Amino acid sequence: MITPKRVSVKFYANIPETVDITAFKPVFQRWIQDRTLDNMLIDVADYKHMHEGPGVMLIAYEGDYALDLRDGKPGIQYTRKREFGADLMETLTLSLKLALSATLQIEKEETLSGVEFDYSTIKIEFLDRLNYPNTPESLVAVKEAIGMHTQDLYAGAVTIDSAHADPREAFALLIKAEATPDGETLLERLTGVNQPAS
Amino acid sequence: MSTWKEKLQNQIPEDMAHDIDIFEGQMELRQQDKIDEKVFAETRLRRGAYGQRYDNGQRHDGIQTQTLEFPTQSSSKGPNTLWDAPGMQRIKVPFGGLSIAQMETLAELADEYSDGVLHVTTRQDFQLHYVHIEDTPDLMRRLAAVDLTTQEACGNSVRNLTACPLAGVCHDEAFDVTPYSDAAFKFLLGHDDIQDFGRKFKIAFSGCAQHACGLVKMHDLGFLARVRDVDGVSKRGFTIFVGGGLGTVPQQAKVLREFVSEEEILPVTQAISRVFAQHGEKQNRNRARIKFLISTIGLEEFSRLVDEELEKLPHDERWTSYLDDVAKYEETPTRDGFSLNGAPLPEGFNDWYRTNIYPQRQQGYSVITINLPLGDLTSRQMFRLADIAREYVGDNVRTTVEQNIVLRWVSNKDLPQVYVALKAIGLGESGAGTIVDITSCPGTDTCKLGIASSRGLADELRNRLVAKSANLPEAIKDLRVKVSGCFNSCGQHHIGDIGFFGNSRRSGNHKVPHFQVVLGGQWSDNAGSFGLAVGAVPAKSVPDVLDIITERYVSERGQGESFQDWVHRLGKVEIKTMLKPFMRLPEIDTEPEFFTDWGDSRVYTIADIGVGECAGEVVSLFSMEIAKAESEHFDSLIALEEGNYELADERAYNAMLLAARALIRTQSFNVQNDADWIVNDFRTRFYDTQLFFDPFAKGKFARYLLTRHEAPPATVDKDSAHALVDEAQLFIEATHAAEARINGVIVS
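Sequence order for the protein chains is A and B. 1 is the number of the first residue of the first sequence in our numbering; add one for each residue after it. 1 is the number of the first residue of the second sequence in our numbering; add one for each residue after it.
One chain only, chain A, in its complex shape:
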């Protein structure tokens, strides 16, 4: 399928009460200093004053990372904006790898100790209403295109449902797996070999 103009992937997180979301900001700033992630990191944007907003964002050239607070559930969201893969699957794979690189890094951060991710669920949002309108037809087509791949990713059964009921909102999917793999395992399966995403 055609590569969407933008696509987001999100892994939901459990953030313990001991971790204030303000703690993500210095972590993201340090990631810029240390060039921790493979995207060209530009800046940190603070939107935590907003109700169920993008929280704290790490802006990059190719794509943005966010401690996203939308859906009433926090999580790490990666939005690919530039330099896509050749098709939808390649772009999704790339985006998932980059999102996982970020979640795995967060799990290592001392100041964010206790933050855990639910890797059994992925939200994918197609920020391209021209090519991916939020319609039942899009759902059928995309499910067909990615269904087998997601089963491979989870090595088992998955359900894929529409995530946004409002037709004005971007077309989005919620992929839920019966299995609950860890992030490293998912990244290995995406990468083929255990090497960092690029």
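It should be emphasised that the hints constitute simulated quantities derived from the structure, not laboratory data. Hints may be right or wrong, so weigh each one.
Here are the simulated lysine-lysine pairs, DSSO-like style, with alpha carbons at most 27 angstroms apart [claimed, not checked]: (1) 38(B) / 700(B); (2) 254(B) / 282(B); (3) 7(B) / 143(A); (4) 698(B) / 282(B); (5) 143(A) / 5(A); (6) 235(B) / 186(B); (7) 423(B) / 73(A); (8) 108(A) / 143(A); (9) 7(B) / 5(A); (10) 700(B) / 254(B); (11) 328(B) / 423(B); (12) 468(B) / 48(A); (13) 698(B) / 38(B); (14) 423(B) / 477(B); (15) 73(A) / 5(A); (16) 48(A) / 477(B); (17) 312(B) / 254(B); (18) 5(A) / 5(B); (19) 328(B) / 186(B); (20) 698(B) / 200(B); (21) 423(B) / 48(A).
Treat the numbers as computed from the prediction; the structure is a model and nothing was measured.
Mind docking chain B on chain A? Use the hints.
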């Protein structure tokens, strides 16, 4: 359908579609280096596509400056502006009026081209940040399909036309200015006579003199609605103000015409535009606003030139044809107006009602103000707000210059349900138009000119004030707090009761983010007067400074005494005494928290300044000398307050001389006290060499001294003294900055 251009081809007016196609073509040419980068920069600015912080490919990460390695380093969209760097897109919303379809489109665009956030500006615009230039043509097409434009949202042109958000429903207005502001917007958009300005041009409409909503006195051109009896017939028209503006040195607009009939306002506007285009400064951007032209040639001569142009203007039927639309203009409520019917009210409703509801003059209806923190809302909030609008008010939605959104024509009986619906999407906060509803420009978050974090400070102040809002004294609840990230007044700090604007000071080898405190501005009376800077304090001290100012006002104010009157009565000496404990410079070893800005964990920096060879101790001579200048400047404030304008002028001038002398002393032992000598030496050492130049304002601040020295005023009045006192303060700030650049060993 493979492109938005194809999909929307029948939904966009032909001329708008053509303009966007041309812009897309210019982008292509620029990438092929067939258009000069300066030309393209102005082109994209006139399409509202603005630069954003770090788009020069450099960013200080708190330790060092990193090069941002965008893929196409060689391609630029303007001087020092890399092609691949994300930017800001401004979207005009004339008089703030929004339809449901526009709201939904804006939400889509924030999702697809930005970071999911819509930001309301102090000119009733929307801004999207982190937008890539390649996405802008489609973004513009989608806006055009719902009758929104980015044309002339930036650049040297007529910016968004603002108007009272209560126009048409207000109790005090002469008449509804909405259709007039809309007509002026349409008449001027893309007009030949506004294409050759030296700087931007801002226009506002207000329905009454006594309230603030239109802020006509701080505009290049302001229209104040009047009704006059002409030969026994009630006639609509406007008092026309010209030459106002905030910026670095604010200036009140002056009355150009006491009454201009509705048939004449468009030709008069056109004539003013022609005079500005022909006679306004073009080379020196720092003196290119119309206020400088009027100051230079005088209001009388300006008025004569306008009359002369009016005589020459070829007739245009649009001057009066819009009046047919004015006669037909009316807003249609979605629901019948009823009073609140006594049903149980939801929790929090009464507080919200007290601050966020304005009863319309139309029986049974109210205006709801939605208090947007920092002017932001998410795309999803915008979709839900569109739903609420659809159900309760239809297309009767407007943005405000206080970075909020209003829903008009809400039936009073629906207020509880609307409150519950807003609360559910996080937009039901009370406190609109009160001390917790703080205005802020983008500051260092995204603005290239930002010196300190205005949004970080505003967020911190808001959080603290909201936490104690239940116990805030009545006397301070309705004070306005406004914050700008630099001396340019995008946060409108001059017209807040309490304003702050960002600057910095040097402590040892480090910079400390500061905010200048500005007290006594007047929001009401259409921005009736401007506040004065009373001292700079470290950014981290601002919350304590706000506390002490408000606490003293509460305890010391007289019966019915306004904040402005209290500030005036207290006097600059006492205010300075009050602030003095907060003004001391911290040291990084003992108080490192002062060396980071609000909401930023990085060690504070003003980017790449401070390249120098002299390592080691900072020589304290400059600090001592500049203190004399600051003291003299303080005396000029006192003189101004006492109404001794000539003395204020003289002291402000002396303050600049002393600051210049302080800087000269960093390079020479043989420094004289004679004014001619100081100015000549300053010019040779620092102006001609451009060492004094601000990276963005260039030689502007130096010219404050040079101009005053070369051309002392024949007569000094309140306005000119006020302006020079402000200029002297900015000159001193610039001297601090120059000294740091030239002599400092800034490591952060």
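Comparing the hints with the structure gives:
Of the pairs offered as hints, the one joining residue 38(B) and residue 700(B) holds, with about 21 angstroms between alpha carbons and a cut-off of 27 angstroms not exceeded. As the CA atoms of residue 254(B) and residue 282(B) are separated by approximately 22 angstroms, the hinted pair is consistent with the 27 angstroms bound. Our distance criterion of 27 angstroms between C-alpha atoms is met by residue 7(B) and residue 143(A), whose separation comes to about 26 angstroms. Under the criterion of a C-alpha separation no larger than 27 angstroms, the hint pairing residue 698(B) with residue 282(B) is consistent with the structure, at around 15 angstroms.
Distance check on the hinted pair: residue 143(A) and residue 5(A) sit about 19 angstroms apart at the alpha-carbon level, within 27 angstroms; holds. For the hint pairing residue 235(B) with residue 186(B), the CA-to-CA distance comes to about 23 angstroms; that is within 27 angstroms, so the pair holds. Simply put, residue 423(B) and residue 73(A) have alpha-carbon atoms about 18 angstroms apart, close enough for the 27 angstroms limit, and the pair holds. At roughly 34 angstroms between alpha-carbon atoms, residue 108(A) and residue 143(A) are farther apart than 27 angstroms, so this suggested pair is violated.
Under the criterion of a C-alpha separation no larger than 27 angstroms, the hint pairing residue 7(B) with residue 5(A) is consistent with the structure, at around 16 angstroms. As the CA atoms of residue 700(B) and residue 254(B) are separated by approximately 24 angstroms, the hinted pair is consistent with the 27 angstroms bound. Pair hint residue 328(B) plus residue 423(B) does not hold up; C-alpha atoms about 36 angstroms apart against a cutoff of 27 angstroms. For the hint pairing residue 468(B) with residue 48(A), the CA-to-CA distance comes to about 20 angstroms; that is within 27 angstroms, so the pair holds.
For the proposed pair residue 698(B) and residue 38(B), the alpha carbon gap of about 17 angstroms is at most 27 angstroms, so the pair holds. In summary, the hint linking residue 423(B) to residue 477(B) is supported, as the alpha carbons are separated by about 22 angstroms, within the 27 angstroms threshold. Of the supplied pair hints, the one linking residue 73(A) and residue 5(A) holds, its CA atoms being roughly 25 angstroms apart against a limit of 27 angstroms. Proximity of residue 48(A) to residue 477(B) is assessed by CA-CA distance (about 25 angstroms); at most 27 angstroms being required, the pair is judged to hold.
This hinted pair checks out: residue 312(B) and residue 254(B) have alpha carbons roughly 24 angstroms apart, not beyond 27 angstroms. Pair hint residue 5(A) plus residue 5(B) holds up; C-alpha atoms about 15 angstroms apart against a cutoff of 27 angstroms. Between residue 328(B) and residue 186(B) the alpha-carbon distance is near 17 angstroms, which keeps this suggested pair within the 27 angstroms criterion. For the proposed pair residue 698(B) and residue 200(B), the alpha carbon gap of about 18 angstroms is at most 27 angstroms, so the pair holds.
Annotation: proposed proximity of residue 423(B) to residue 48(A) holds, straight-line Cα distance about 17 angstroms (limit 27 angstroms).
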